[in-house]
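Starting from the given sequences, assemble the full structure and let the hints guide the process.
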Amino acid sequence: MNIYLLQIINGIGIGMLYFLMAVGLSIVFGLLGFVNFAHGAFFLLGAYACYQFALAGLDYWLALVLAPVIVGGFAWITEKAFLHRIYKLPHEFHILLTVGVALVLQEAVILQWGIVGQNVAVPEALEGVLILGQFVYPKYRIFVIAFTAVIALLLWCLLDKTRLGAIVRAGSESTEMVSLLGIHVTRIFSFVFALGGATAGLAGVLAAPLRGVEPFMGVEALGIAFVVVVIGGMGSFAGALASGLLVGVVQSLMSTLWPEGARLMIFVAMAAVMLLRPNGLFGRT
Amino acid sequence: MMDRRNFLKLSAAAPLTAAFGKVLAQSDTIELVCPVPLSGPFAANGKFSEMGVRLAVENYGKLLGKRVTYTTMDTEGKPATAVRKVQEAAQQKGARFFVGGILSSEALAMSKEVDKAGGVYMTIAGADEITGSDCNRSTFRWSVPTYGIIDQTVRQVAEKFPNAKRWYTITPQYVFGEGLLHWSKEVFKAKGIEHVGNSSHSLAEKEFSGYLTNAMAAKPDVLLLLNFASQSSDTLRQAVSFGIKKNMIVVVAQSAGLEQFESLGPDICDGVYFGLQNWHGVDTPFNREFTRLANGATRSDPNFTVTSTYTCAKVVLDAIKKANSTDPKAVIAAMEGMQYEGPTGIEEIRRGDHQVIKDFYLLKGKPKAAMKNKSDYGDIVSSGKSFLPVEKTLCKMA
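Going down the list, the protein sequences come from chains A and B. Just so it is clear: in the first sequence, position 235 is 235 by this note's numbering, and no numbers are missing. Just so it is clear: in the second sequence, position 286 is 1286 by this note's numbering, and no numbers are missing.
Hints listed in this document are in silico derivations from the structure and should not be mistaken for laboratory results. Treat the hints with care, since some could be wrong.
Unchecked claim - Pulled a few chain B residues facing chain A out of the computed Cβ check, cut under 10 Å:
1. Leu1038
2. Gly1046
3. Lys1047
4. Thr1171
5. Leu1212
6. Ser1230
7. Phe1242
8. Asn1247
9. Glu1262
10. Gly1265
11. Ala1297
12. Arg1299
Claimed, not checked - Below, simulated DSS-like cross-link-like pairs (lysine-lysine); rule was C-alpha separation at most 27 Å, straight line:
13. B:Lys1368 - A:Lys139
14. B:Lys1246 - A:Lys139
15. B:Lys1364 - B:Lys1385
16. A:Lys139 - B:Lys1219
17. B:Lys1093 - B:Lys1116
18. B:Lys1189 - B:Lys1392
19. B:Lys1189 - B:Lys1385
20. A:Lys139 - B:Lys1245
21. B:Lys1189 - B:Lys1364
22. A:Lys139 - B:Lys1366
Claimed, not checked - Label-pair ranges, simulated between beta-carbon atoms:
23. A:Gln134 - B:Phe1161: 23 to 33 Å
24. B:Glu1186 - A:Leu55: 50 to 60 Å
25. A:Arg85 - B:Gly1271: 26 to 36 Å
26. A:Ile77 - B:Leu1064: 50 to 60 Å
27. A:Tyr4 - B:Lys1368: 30 to 40 Å
28. B:Lys1246 - A:Ala149: 27 to 37 Å
29. B:Arg1351 - A:Met274: 54 to 64 Å
30. B:Asp1283 - A:Tyr4: 34 to 44 Å
31. B:Ile1380 - A:Asn279: 51 to 61 Å
Ideal placement from N, C-alpha and C gives every residue a C-beta, glycine not left out.
If you want it as structure tokens, here you go:
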């Protein structure tokens, strides 16, 4: 099979993970206008929750279900305890507080699990590779693509087909109007923040068997998430999906075309989009 | 009641007294400074470096009637930060003895600063330039550099598998990786090996599936990983998930040893060839003693970073003792040609370039069922000393 086709398929796999890392950040920014630098820390918590489940001898599938719930719960508590107090303040305050939260979580992870990276085994049912002629691809990565596609569909249904989703979308246009309609906006904010944290946590669980866990993985994830959100357009679900896939495919294709520049090209793509469409591919003007 | 004149006299005297006290305190101690990455992707290595220096200092006790102490500085794995920290330590604290530097990029930068300050610096970083074209009187290097790493891994594997003629490399894009790649190509030429491709990547990379896809498409007999620490762990983990071990031999030229094996687990390490600067399982007087010391302090066998930094710290302290002086020039003179009991047996600091001459090992990972204890990750396949003659290292010591 042509190597470029292989790299595109690989890029889709990477891109789906990037989408999941970024979609929560995008929705939170779209609704709350809140720049959440602790988003990478939720990804980190999800990964380490998966690792802890493995240490305790529990099934990966249990981690896949419970870890996002745990991380979402933690995000909800964080929002209720600290973050809701600073929504109306300038963005600098958002950044300061959420960076602080991220650092505290990172150091807590180091205290609990140590600074050395650890391995998380792929679940037994997904070990090995799928071979179709010349196409050889890890079964686990195929599962990640399929599972993330299902999650993307569920999220889209939630945001597009439910009353809650309509409220979230309306709130991202005008929270004042939504509030005037008698809707408890603070509860919606907390829910959306928890949802954002849960999706980041889920991305962490999925990433753990691919990359292992180490205390600084949240920083890298946050960087990628911001690139995806900026390219896709802040607050846009479709944008997060399209740009996640774009970033993944660009990175993967560049691994063949210009390996040294594969990572650089992610940021070049972001710069190009910002120049041509400053609000992102699907962003609102 | 104090009058204005006495008050002014006292105010002038106070900082002088404080400074004098500080000088007195400083002259009571011999301080080692340990500049290592304590944050970022190489933070784990930095933590183990600190542990190695701490063990050396605690074990040494007093030296020339003074207390031996140490401080650590976080270089963040960035040369610019490392240089600034060294400058601060040298200028503000008068520090002259430095032990550390994991990444070659930061070690090269620090080496120049320590030389400017007239200090002594011993590092474990691997780039040839450290004791080659960028050598200086202040800098000493314990690790085997890239030439020796490749000679003791690539050449050995090539001789062990003479029919494995197609090799693919994955290389980090910085001075150490480029050095490893250069010497690998030399061995390929000598052994009639076809270098079927190379993928270079940034030091920040964590996603290696694209490079592994390149490797699989080239259908090599051997996949040679020239990256280090967490990056070689990520590449190896992802390579195993792609089933690469089943189709080709995998070699990690410079492994981080036990700490890396523990983070990967035996299933991933099984059957992979790893190049090692030292291995606790090799029976030497140093390893017997240090394993006992490390187990007492940390309840685990010593890994590469702990062992190597301990060795560097001990060598510097031994040299101060030998010189009977804390004058850096005297210590440097004492270190040149010095022989000592090290992790690989008797090790010697070569006078011409300040490179430690010692063994480098090739280890093959073993399956979990064959492990005799929790640290028994593999068996040594071969070992030896491979160093360029001083005249070929491009080192011109002033």
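Hint validation: B:Lys1047 versus chain A, beta carbon distance must be below 10 Å. Holds or violated? Holds - the Cβ of B:Lys1047 comes within 10 Å of chain A, reaching about 5 Å at its closest.
Does the Cβ-Cβ separation between A:Tyr4 and B:Lys1368 fall within 30 to 40 Å? holds (39 Å)
Hint check for B:Gly1271 and A:Arg85 - Cβ pair distance inside 26 to 36 Å: At roughly 55 Å between Cβ atoms, B:Gly1271 and A:Arg85 fall outside 26 to 36 Å, so the hint is violated.
Would the pair B:Lys1189 and B:Lys1385 pass a check requiring their Cα atoms to be no farther apart than 27 Å? holds (21 Å)
Under 10 Å is the threshold here; is the Cβ of B:Ser1230 close enough to any Cβ of chain A for the hint to stand? With a closest approach of 6 Å, the B:Ser1230 hint holds.
Measuring from the C-beta of B:Asn1247 to each C-beta in chain A, is the shortest one below 10 Å? Nearest chain A Cβ about 9 Å off; hint holds.
Should the hint that B:Gly1265 touches chain A count as held when the rule is a Cβ pair under 10 Å? Nearest chain A Cβ about 5 Å off; hint holds.
Distance restraint evaluation - B:Glu1186, A:Leu55, Cβ atoms, bounds 50 to 60 Å: violated (45 Å)
Agreement of A:Lys139 and B:Lys1245 with the hint, judged by alpha carbon distance not exceeding 27 Å: Between A:Lys139 and B:Lys1245 the Cα gap is close to 16 Å, so the pair holds against 27 Å.
Can the restraint linking A:Lys139 and B:Lys1219 be considered satisfied, given a maximum Cα separation of 27 Å? holds (20 Å)
Distance restraint between B:Lys1364 and B:Lys1385, which requires alpha-carbon spacing of 27 Å or less: holds (19 Å)
Pair hint B:Lys1093 and B:Lys1116, alpha-carbon separation not exceeding 27 Å: Holds, at roughly 15 Å.
Going down the numbered hints, you'll see the structure goes against 11, 12, 24, 25, 30, while the others check out.
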